[in-house]
Amino acid sequence: MKRSVSNKFAPYVILTIALLLAAAPLTFAAPPQMPRFRFENFTTANGLPDNHVYAVLVDGDRIWAGTENGLAVYENHAWKTYTTKDGLAHRAVLSLARDSRTGDVWAGTMGGLSRISGGRIDSYTQLTSGLSNDVVYGVSVEGENVWVATAAGGCRLNTRTGQWTLYNERNTPMVEIWVYGVSATPTKVYYAVWGSGILEYDQKTGRWDKYDDPDSENEIVLFKDQGLVHEIVTSVSFVDNILWVATYFGNSRYDGRYWHNFLTKDSGLPSNFTNVVKGVDANRAWFGTDKGLAYYDGANWAVYSPSLTDGKPEMTVRDAEGKVTPVAVTTAPAHNYILGIDLQGDDIWVATAKGLSHGIRQR
Amino acid sequence: MNGRIQAKWCAGVAVLTAALLTFAFWPAVNHPVRADESDQNYASPLEVLLSPDDARLYVLCQESEEVRVLDAASHAVLKNIAVGRVARGFSLSSDGARLFVANSWDDSLSVIDTRTLAVVATWPVGAEPSSVVEDHAGKWLFVANRISNDVAVLNAQTGVEEKRLASGRGTSYLAISPDGSRIYATHVYPNPTRVRSELDNRTAPESEITVIDATRAVVVDRIPLHGLAGVFHIAISADGRLGVAAGLHPKNLVPLAHLEHGGGFADTLTLFGADVGQPVEVPLDELERYASRPFGVAIAPDKSRIYVTSSGSEMVTVIDVPRLMRFIHAQPHAQPVSFARDLSASANYVVTRIAVGHDPRGLALANDGGRLFVANRLEDTVSVIDTRANRVASTIALAGPKTISVLRRGEQTFYTSRYGFQGQIGCASCHIDNTFDAVSWDLEPDGMGRDIVDNKTLEDIKGTEPYKWNGGNPDIPTECGPRTEKYFWRSENYDNATLTALAVFVRGLPARPNRWRQANGELTPAQDRGKDLFERAQDQFGKPIPESNRCSYCHSGPKGTSQRSFDVGTRKPTDNTGLLDTPQLTNIALTAPYLHDGSARTLEEIWTVYNPDDKHGRTNDLTKDELNDLIEYLRTR
Numbered sequence: 018m019k020r021s022v023s024n025k026f027a028p029y030v031i032l033t034i035a036l037l038l039a040a041a042p043l044t045f046a047a048p049p050q051m052p053r054f055r056f057e058n059f060t061t062a063n064g065l066p067d068n069h070v071y072a073v074l075v076d077g078d079r080i081w082a083g084t085e086n087g088l089a090v091y092e093n094h095a096w097k098t099y100t101t102k103d104g105l106a107h108r109a110v111l112s113l114a115r116d117s118r119t120g121d122v123w124a125g126t127m128g129g130l131s132r133i134s135g136g137r138i139d140s141y142t143q144l145t146s147g148l149s150n151d152v153v154y155g156v157s158v159e160g161e162n163v164w165v166a167t168a169a170g171g172c173r174l175n176t177r178t179g180q181w182t183l184y185n186e187r188n189t190p191m192v193e194i195w196v197y198g199v200s201a202t203p204t205k206v207y208y209a210v211w212g213s214g215i216l217e218y219d220q221k222t223g224r225w226d227k228y229d230d231p232d233s234e235n236e237i238v239l240f241k242d243q244g245l246v247h248e249i250v251t252s253v254s255f256v257d258n259i260l261w262v263a264t265y266f267g268n269s270r271y272d273g274r275y276w277h278n279f280l281t282k283d284s285g286l287p288s289n290f291t292n293v294v295k296g297v298d299a300n301r302a303w304f305g306t307d308k309g310l311a312y313y314d315g316a317n318w319a320v321y322s323p324s325l326t327d328g329k330p331e332m333t334v335r336d337a338e339g340k341v342t343p344v345a346v347t348t349a350p351a352h353n354y355i356l357g358i359d360l361q362g363d364d365i366w367v368a369t370a371k372g373l374s375h376g377i378r379q380r
Numbered sequence: 241m242n243g244r245i246q247a248k249w250c251a252g253v254a255v256l257t258a259a260l261l262t263f264a265f266w267p268a269v270n271h272p273v274r275a276d277e278s279d280q281n282y283a284s285p286l287e288v289l290l291s292p293d294d295a296r297l298y299v300l301c302q303e304s305e306e307v308r309v310l311d312a313a314s315h316a317v318l319k320n321i322a323v324g325r326v327a328r329g330f331s332l333s334s335d336g337a338r339l340f341v342a343n344s345w346d347d348s349l350s351v352i353d354t355r356t357l358a359v360v361a362t363w364p365v366g367a368e369p370s371s372v373v374e375d376h377a378g379k380w381l382f383v384a385n386r387i388s389n390d391v392a393v394l395n396a397q398t399g400v401e402e403k404r405l406a407s408g409r410g411t412s413y414l415a416i417s418p419d420g421s422r423i424y425a426t427h428v429y430p431n432p433t434r435v436r437s438e439l440d441n442r443t444a445p446e447s448e449i450t451v452i453d454a455t456r457a458v459v460v461d462r463i464p465l466h467g468l469a470g471v472f473h474i475a476i477s478a479d480g481r482l483g484v485a486a487g488l489h490p491k492n493l494v495p496l497a498h499l500e501h502g503g504g505f506a507d508t509l510t511l512f513g514a515d516v517g518q519p520v521e522v523p524l525d526e527l528e529r530y531a532s533r534p535f536g537v538a539i540a541p542d543k544s545r546i547y548v549t550s551s552g553s554e555m556v557t558v559i560d561v562p563r564l565m566r567f568i569h570a571q572p573h574a575q576p577v578s579f580a581r582d583l584s585a586s587a588n589y590v591v592t593r594i595a596v597g598h599d600p601r602g603l604a605l606a607n608d609g610g611r612l613f614v615a616n617r618l619e620d621t622v623s624v625i626d627t628r629a630n631r632v633a634s635t636i637a638l639a640g641p642k643t644i645s646v647l648r649r650g651e652q653t654f655y656t657s658r659y660g661f662q663g664q665i666g667c668a669s670c671h672i673d674n675t676f677d678a679v680s681w682d683l684e685p686d687g688m689g690r691d692i693v694d695n696k697t698l699e700d701i702k703g704t705e706p707y708k709w710n711g712g713n714p715d716i717p718t719e720c721g722p723r724t725e726k727y728f729w730r731s732e733n734y735d736n737a738t739l740t741a742l743a744v745f746v747r748g749l750p751a752r753p754n755r756w757r758q759a760n761g762e763l764t765p766a767q768d769r770g771k772d773l774f775e776r777a778q779d780q781f782g783k784p785i786p787e788s789n790r791c792s793y794c795h796s797g798p799k800g801t802s803q804r805s806f807d808v809g810t811r812k813p814t815d816n817t818g819l820l821d822t823p824q825l826t827n828i829a830l831t832a833p834y835l836h837d838g839s840a841r842t843l844e845e846i847w848t849v850y851n852p853d854d855k856h857g858r859t860n861d862l863t864k865d866e867l868n869d870l871i872e873y874l875r876t877r
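For the record, the sequence lines run as chains A and B.
The numbers in my numbering rise by one with no breaks, and the one at position 264 of the first sequence is 281.
The numbers in my numbering rise by one with no breaks, and the one at position 41 of the second sequence is 281.
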């Protein structure tokens, strides 16, 4: 009897088990494999001239850190700091770029633009040169041109002729002239304009175009993915013909035809307030927000930060379905307020409000 | 018949009048240069080079625009090869198959096949290429550009420029280390200095040796040369452990009254490399035996001797390297050190001084170190020195005019230091290659510490009189004659013929090509906007600008000077007057610093810093864009 009963239900049991097994990946699926790092943090305690780090630049084996109190370079396990005594335009270094052809490093500061070349620093200010303004938020080098984002518009220095060309409300569609970032490539140059969207310069035609938030300056998004997420743009990164955009109210990706916006409510961003974006390729990008470092791989998100409540290291992964999974970690970036990002192979360097972090990729 | 008589009478009067005028104004600057003189085609050998097997001697002749190829043993001419204007440097490819010539006024390189001795290509480069070196792999050519202050990196096979490396101001001379790993670059004008004095006009110059990784073609180091303004050739020893650069060390922070004590210039060598540790600057001068304007340098293959040409003193100085090393190492130094002010130092290492021809420049040493060839630029000869005997064994006369024209005599006078007090200095000590030195000086005629003056270029000064910043000298003979004789030479006057020749030479100096002008002669939109601002009569608020406060009023005429004096509000407490002669604008982009005392480091600073009251033209209403446009236009002048 018992045997007959068990025989009778056996197919259902087997089916149930099979269904459970089939559903198991959905129910108990491991979070997607996102990059994991061991963060080593640098502060004034181990050689950095200041804990406020605005920018970081990877230069082969050297690391440049733009701090509030000088430009520091990390080489052979030691920091060296350049100051105004060495010719730096100002002690507060806001932005960094490398000329890949010459190896020169360009530093945007609160008091002008500096070039570091073979240990010599040449500085350009609004009084001594054609630089539009001394507050240099962004710098990008393409070919023989240095593109600069300043508090009074953008400008371009032709290093061959020494000619400065200024871009502002008088000769571009720029409405506001507070330019926060710039990304220059052989085909296009993009300016991130605080309050005036994105300016696009076509290197071939010399023409300007402009991208605005369709909702204007309203801090709402009426229709998802209808255009640039917000007018207050803080950073741009143009890579593989994809434009990655950071704003204080979310981020955007633009492929030349379609926009895709990222907000905390529908992405893995820890905060809409984003200071910096660093595109890796057409699908992947890093975002520096006021609540941590975020990575997007085209489907999934990972966030790295010290806890906002107790400061303990945290990492979370959000999969494409929106499921958030904490990942046990023992290290995190030096601070949740991220200002700069650069990549060194699989490693990442992060400029934060309280130190510089080296994320060493773990396998 | 009457007509013929009248014509003869008129001709006679004309001749008599001309004779009277000539007598009245002798030595006048307007002394005519006879056609047979001005048309003299001198060779003016500037540099020499031996083929790898020492069989051929290549001579770079700047004025005749040729490379003359000689048999190095018989000195017979094998071929003359036409190159470009004002060729300034040349070198052989790493395999010896090609000879590259830098044509500085054509912005080009001539590529010569050393087998056929023919120019096989002319490659455009820029701006004002002055020296060229190929890396040992034959991958890149490095070209020193004097005007753009950089080293261009060209594909050595195609001549296509790949990038430019920032180097010193007036980058002009290159050398490659024997192992091919490093390129060293020097420059003839000092770098802009960060140091500001109380009145912004009294700083010692700063220069550098730019060190380039020849494999990666990037700048990897800059060796500081404190106090130097005008650094010329550089040589590296065969073992790569000793580098030597020839330079001028102006003593511009003291009044030139100290000339009696060697206070004008120190003529020095800077040594660097493993043999010396931190760089060391050593003087070539000795009290009353100065080695004015060191230019070319060679190191013996066995590193026993250093040879240096002194173009002003017209000699080659021979240095004993072991003794030099003993002198240096007797005074250990952890930081760069200079003995430039020690006139007793050179006795420790100078073996002898060998007199050669007028304006000796480049030199070349045979592989065995036994023969040293020296190009005597203003004598059209090459001295061949027997280095074992330390004497001139023979002199190779290059084919050319046998007579000395007025212009030539003037040029020789300009470039020699024989008239200077104790032979210390000559015109060219401050006016490098007829230009300037970018240094501010205290010339004591106006009082010690008074009237600090920036040195101006001499190119294209015809028709810009009066001279001096205060307009005190009405013409070139006055400028070059009594003033120079009294305050610079102190010991010897020019005779009339020499002064006339000098004045004719100076007056005839042409302007180099302006690199900011477009080939078609048209202005760019920015330059065009700047021209409108230069000539405007109304400010941005619609108010009329008084004529005397318009750019184009004081800077009028083809050379940008009204030849009148104005007070533009730049007088310093140490200046005797604020009334200043209006400087010409010819090639103004090249001649920083600006204003009478050199206090404005850039063109921008003239108006952003030193024009608070709009006395130097109405400019404070301009936006930054507009000021940039104005400067873009000025660069075309």
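These are calculated hints, taken from the structure and not from any lab test.
Note that the structure is a prediction, hence the values are computed from the model and not measured.
Using N, Cα and C, we set each Cβ at its ideal position, and we do this for glycine too.
Do not take every clue at face value.
[Unchecked claim] To give an idea of the chain A side of the interface with chain B (calculated C-beta under 7 Å), a few residues:
id : residue
1  : Arg79
2  : Thr100
3  : Arg108
4  : Ala109
5  : Ser134
6  : Gly135
7  : Gly136
8  : Thr145
9  : Ser146
10 : Gly147
11 : Val152
12 : Trp181
13 : Leu183
14 : Ala345
15 : Thr348
Results of checking the hints against the structure:
1. Arg79: violated (12 Å)
2. Thr100: violated (12 Å)
3. Arg108: Check failed: Cβ of arginine 108(A) comes no nearer than 14 Å to chain B, outside 7 Å.
4. Ala109: Cβ of alanine 109(A) sits 18 Å from chain B, so the hint is violated.
5. Ser134: holds (5 Å)
6. Gly135: This interface hint holds because 3 Å falls under the 7 Å limit.
7. Gly136: holds (5 Å)
8. Thr145: This interface hint holds because 5 Å falls under the 7 Å limit.
9. Ser146: holds (6 Å)
10. Gly147: holds (4 Å)
11. Val152: violated (13 Å)
12. Trp181: holds (5 Å)
13. Leu183: Interface hint status for leucine 183(A): holds (5 Å vs cutoff 7 Å).
14. Ala345: Violated: closest Cβ of chain B sits about 43 Å from alanine 345(A), beyond 7 Å.
15. Thr348: violated (35 Å)
The structure fails hints 1, 2, 3, 4, 11, 14 and 15 (numbered hints given earlier, in ascending order).
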